[in-house]
Amino acid sequence: MTTTAPTRPVDTAPPVRRGAASRMAALGRAELTLLLRSRAALITALLVPAVTTFSMRGVVDGLDLDGTGLSIATVLLPGSLGLALIFSVYTNLVGVYVTRRESLVLKRLRTGEVRDWEIFAGGALPALLLAYVQCALLIIGLTVVLDAPAPAAPHLMVLGLLIGGAMLVAAGALTAAVTRTAESAQLTFLPFWLLSMAGSGMFVPREVLPGVVGDISAWLPFSPVMDLLRGGWTGDLGAADQGRALLLALAWTGLAALGVRRWFRWGPRG
Amino acid sequence: MNPVIETVGLKRSYRDFDAVKGIDFTVARGELFALLGTNGAGKTSTLELLEGQATPTGGSVRVLGHDPFRERSAVRHRIGVMLQEGGFPPELTVLETVRMWAGCTSGARPADEALDMTNLSDRRAVRVKQLSGGERRRLDLSLALLGRPEVLFLDEPTTGLDAQSRRDTWELIRELKLQGTTVLLTTHYLEEAEQLADRLAIMHQGLIATTGRVADVVAERPARISFRLPQDRLLGELPPLPAMGVTRHETVGGTVRLETRDLQRTATELLTWAHRTGVTLHGLDARSASLEEAFMEIAKGLDHEETR
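Chains as they are written, first to last, in the working numbering: chain A, 1 to 270; chain B, 1001 to 1308.
The set of hints was computed from the structure by calculation and includes no laboratory data.
Since we're looking at a predicted model, the values are computed, not measured.
Please note that a few of the clues may not be correct.
[Said to hold, decoys possible] Computed list of lysine-lysine pairs in DSSO-like fashion (alpha-carbon distance at most 27 angstroms, straight line): (1) A:K107 with B:K1300; (2) B:K1011 with B:K1300; (3) B:K1021 with B:K1011; (4) B:K1300 with B:K1129; (5) B:K1021 with A:K107; (6) B:K1129 with A:K107.
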């Protein structure tokens, strides 16, 4: 053991306090390193949205879109972004939070200066980065392949991507709260994913769903995100609908955050 | 001066049992205080309250003058914590782990310095999953020391270490203490407490059974002498026991056990008698009271009370 520097020299000013940004950057950097070392998670997150989008093309081709004001491009493009968000952020983070909890990393982190929400947010940074890079690539790729028009209201698309990202971080943490082991994380993401795929108008527009199912599906958590993303391309989402979508998305995000606060356990045995 | 750590009537209950049943103690600046106890005595539960991991069910706790749970932002950057069981992502290297922690710590030491302190410098590029249990403990200690804490909470810091690493860690803790760090540690190695602690408390079933300076806790206990007499000799042939300073005696299976508060006097009288009468005392053993004996007796005594 080497002799160490004094605990805190009396004649110097107290050290600069680290802020939330510095802490989240440090956590994000560590998680990014881990993500790049975890091939399976990376490949799933990268391949599934692109492959699914192309395989959904046949389904969308067969839909009767007359009277919905939609085209193949305005269905497929937002759908692929929604799917990329769900896979890179939601599915990925459920596994990340559960694994870190089970290996006692979260418990150890909570003894330090990091605040609880910074642990979630910092840990989510690489997943969000991955999702947004992927969205950019999908937008470029699909625009070329489908010969799609540029987004009519790009700010709505950006808003959808941002609030969608936030909602999925909260949803990922909430799902992790009810997931016991890393193995079960392979399954517990399914309900939200299937519900969003089928009911939130990801590839099958809610307009073509039958009556009451369509009415209910409008209130699903991911529906307002899809409305904003699609509105970004069609440009026909009115101010009232924009406000409704935004409020609904924020309400679900807030609910998920409350659930996390209430139910998330930081160690394997509670 | 105000104590650095102060608890009053501290209690912690889980759904179906009381882990900590009302304990009071204070730790002064620069002091090393050890919490001893058997498994399940309530040491870790107490420590978690001091670290601000949980809020007490009753009583109060102050660390550096603040409530460590409610006023965590006033406390956290001044303390260092090593959990009994803390984890690090297995796929990060040692250096990456220290960097991550440094980014979360105010006034962090350089990573190399922190690793030097626990002799982990040559393991910096190794992934955490490849470290031995003892190396992982030392990494944990490096992180606890990263922010040059004023108060250090160590939950069984040397469990799982080999003898050399344990001694190195003791040396490091002494060094930190010399520099003015206040240390609260739990251990079930009594030697560790004897080596390091200024004061200690022995916990048993959620209560503090005894507390004080190591020497005082030990001094409350008698010294012991044991030996076997030749078959043709009887205990009654010895000089009167009270006159030798013996406070208690028993004979178990031919072995005589004496307790005394004055080991030198009793031993001298005994050996003088044996010399004079030509008696050989087989298996002669004389020992001062130790913390271990104090500990065992307290645990035994309380169990006895409990069952009554």
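For each hint, the structure was consulted:
{"no.": "1", "hint": "A:K107 with B:K1300", "result": "34 angstroms, violated"}
{"no.": "2", "hint": "B:K1011 with B:K1300", "result": "23 angstroms, holds"}
{"no.": "3", "hint": "B:K1021 with B:K1011", "result": "5 angstroms, holds"}
{"no.": "4", "hint": "B:K1300 with B:K1129", "result": "41 angstroms, violated"}
{"no.": "5", "hint": "B:K1021 with A:K107", "result": "25 angstroms, holds"}
{"no.": "6", "hint": "B:K1129 with A:K107", "result": "18 angstroms, holds"}
Consistency with the previously given hints fails for numbers 1 and 4, ordered from lowest to highest.
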